[in-house]
Amino acid sequence: MLLKRKMLLLGLLATAFSVLFLFWDIGTAFGYVFPRRLVKVAAIILTGSCIAFSTVIFQTITNNRILTPSLIGLDSLYMLIQTAIVFVFGGRQLAMMENRFHFVLSVGLMVLFALLLFRLVFRMEQRNIYFLLLIGIICGTFFSSISSFMQMLIDPNEFSIVQDSMFASFNNVNDDLLGISAIIMILTGVYAFPMLKYLNVMALGQDQAVNLGIPYNKIVRRWLIIIAVLVSVSTALVGPITFLGLLVANVAHQLFQTYRHSYLIIGAVLISIITLAGGQFIVEHLFTFSIPISVIVNFVGGVYFLYLLLKENRSW
Amino acid sequence: MVEVKHVSKTYGSKKVIENLSVDIQPGKITSFIGSNGAGKSTLLSMLSRLISKDEGQVLLHGRDIHSIKPNDLAKELSILKQSNHIDLRIQVRDLISFGRFPYSQGRLTKEDWVEINKAIHYMELEEIQERYIDELSGGQLQRAYIAMIIAQDTDYVMLDEPLNNLDMKHSVQIMKSLRKMVEEMGKTAVIVIHDINFASCYSDRIVALKHGEIVREGPTEEMINSEMLKEVYDMDIPVQLINGERICLHFK
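Protein chains in written order, with my numbering: chain B, 1 to 316; chain S, 1 to 252.
To be clear, the hints were calculated from the coordinates, so they are not data collected in a lab. Do not take every clue at face value.
What the hints assert, rightly or not - Just so you have them, the derived chain S footprint on chain B, three or more residues with Cβ under 8 Å:
{"no.": "1", "stretch": "195-202"}
{"no.": "2", "stretch": "257-266"}
What the hints assert, rightly or not - For lysine-lysine, the following BS3-like pairs were computed, each having C-alpha atoms within a straight-line distance of at most 25 Å:
{"no.": "3", "chain 1": "S", "residue 1": "Lys-110", "chain 2": "B", "residue 2": "Lys-197"}
{"no.": "4", "chain 1": "B", "residue 1": "Lys-218", "chain 2": "S", "residue 2": "Lys-75"}
{"no.": "5", "chain 1": "S", "residue 1": "Lys-69", "chain 2": "B", "residue 2": "Lys-197"}
For each residue, glycine too, the CB sits at the ideal point set by N, CA and C.
Turn these sequences into a full structure, and let the hints steer you where they fit.
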């Protein structure tokens, strides 16, 4: 079957890119370089899967293919947390802070924010997913504004420390965090697994999903929590990179041309590993670390986004 | 039997449905008629748990529909709303197969496929079953959705303006298949319909709404007359008996 063959090809490409990244120009210091690259590949697989999975599901729930979970405002909140730490305690504090503590703090605050937001919105009379996004965008803008305000006030040297965390990067991923992230991801996956069967039906829209017997509001709320956890974990691990999701989810839709989420999700995960491993390879060997990977992803993603808008525009 | 008891619905400060009670009689086609904004669609959506109600109850066989498990309810009662445009790459056949979701949770069995093929045959969709839904005309898509509802095989079928976007031929085809479902399979249909003559020719009972309340209800032959139409639509509409059908002449 054609879809299976495409999937196989993606799988091979993802493996090839990871292997290329692991072994290219490895030189004589194998014992030093290899474990470090292995950590990066693991981080790429983890974040790639988190972002791809959460974006595909987010787009299905909202029935909209140009949205990403970053609209809930988690990315901006992450930046605010980093800026606030530097603002209050100074840049050294952010750099010195115990990794695990910093990770738990960031993830905890982001998930807490998401839960409060969902609670607030779903308690209202007009509980509507678009209303949630609207509030999310407003909160996100608010967080960004406060961050910019604080960034204006701090010392330029300290600002450069904040700036480092503005762009996603796989260059200094901490290996203890990988373990925690993997555990959180697996637990989330176990929680999400029984709800996967609902995705194809939810793609038909809310009315059809209710008609076909899905406890819609409950399931949507659960998916949103899962998405918030995954996005928070991947953001705290490497930085804000949710734009990647838009890219890979749409490429997966275009490549597979199907409604079946089994293909869409696995496809998007593989595409995201290919993009990140390829991007990281380019960052390291072509640009010799002079630009962060999120710049490449955002550039490619931005161009693709414009293409999508123009294409949609023509079909109107 | 579905019983609606004292339901109300308010949007903002506007009361759309006020303290409305009605019984849906089994084995019949019941049409909700009324002018725009009378609350027909809102009533149908509340009947079929698509929207919540502010007050009142909807009972299916004596049980509140909100106390029935969603999946079990989906085997008893189905609803198709108007305008179902979705941006999804899916074949007609696969769309119809979703009607079996309440039974098999996505893992289709042989019996499911028997039902799906029956539904395809019933709506005469054999020729376009392999097509993708973004290649279909509005009428074809509507028929595909109705086939999905048929595959869902519920005793109660609720349709919100099923004739929207359809030409005369397909409108008649859909109303005839509804009639057939009611007579041969013993289903109960509830429809919201704008075309008064389709309501007159095909339904057993008519419920007329105005400003969120029931003006009148009863068997079709007692309902379709100038006096009732005047009350519901504020129009003088003569009714003539043509080939045994009551036809409302509302064009002039």
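Now for the hints, and whether the structure bears them out:
| no. | hint | verdict |
| --- | --- | --- |
| 1 | 195-202 | holds (count 3) |
| 2 | 257-266 | holds (count 3) |
| 3 | S:Lys-110 / B:Lys-197 | holds (19 Å) |
| 4 | B:Lys-218 / S:Lys-75 | holds (20 Å) |
| 5 | S:Lys-69 / B:Lys-197 | holds (17 Å) |
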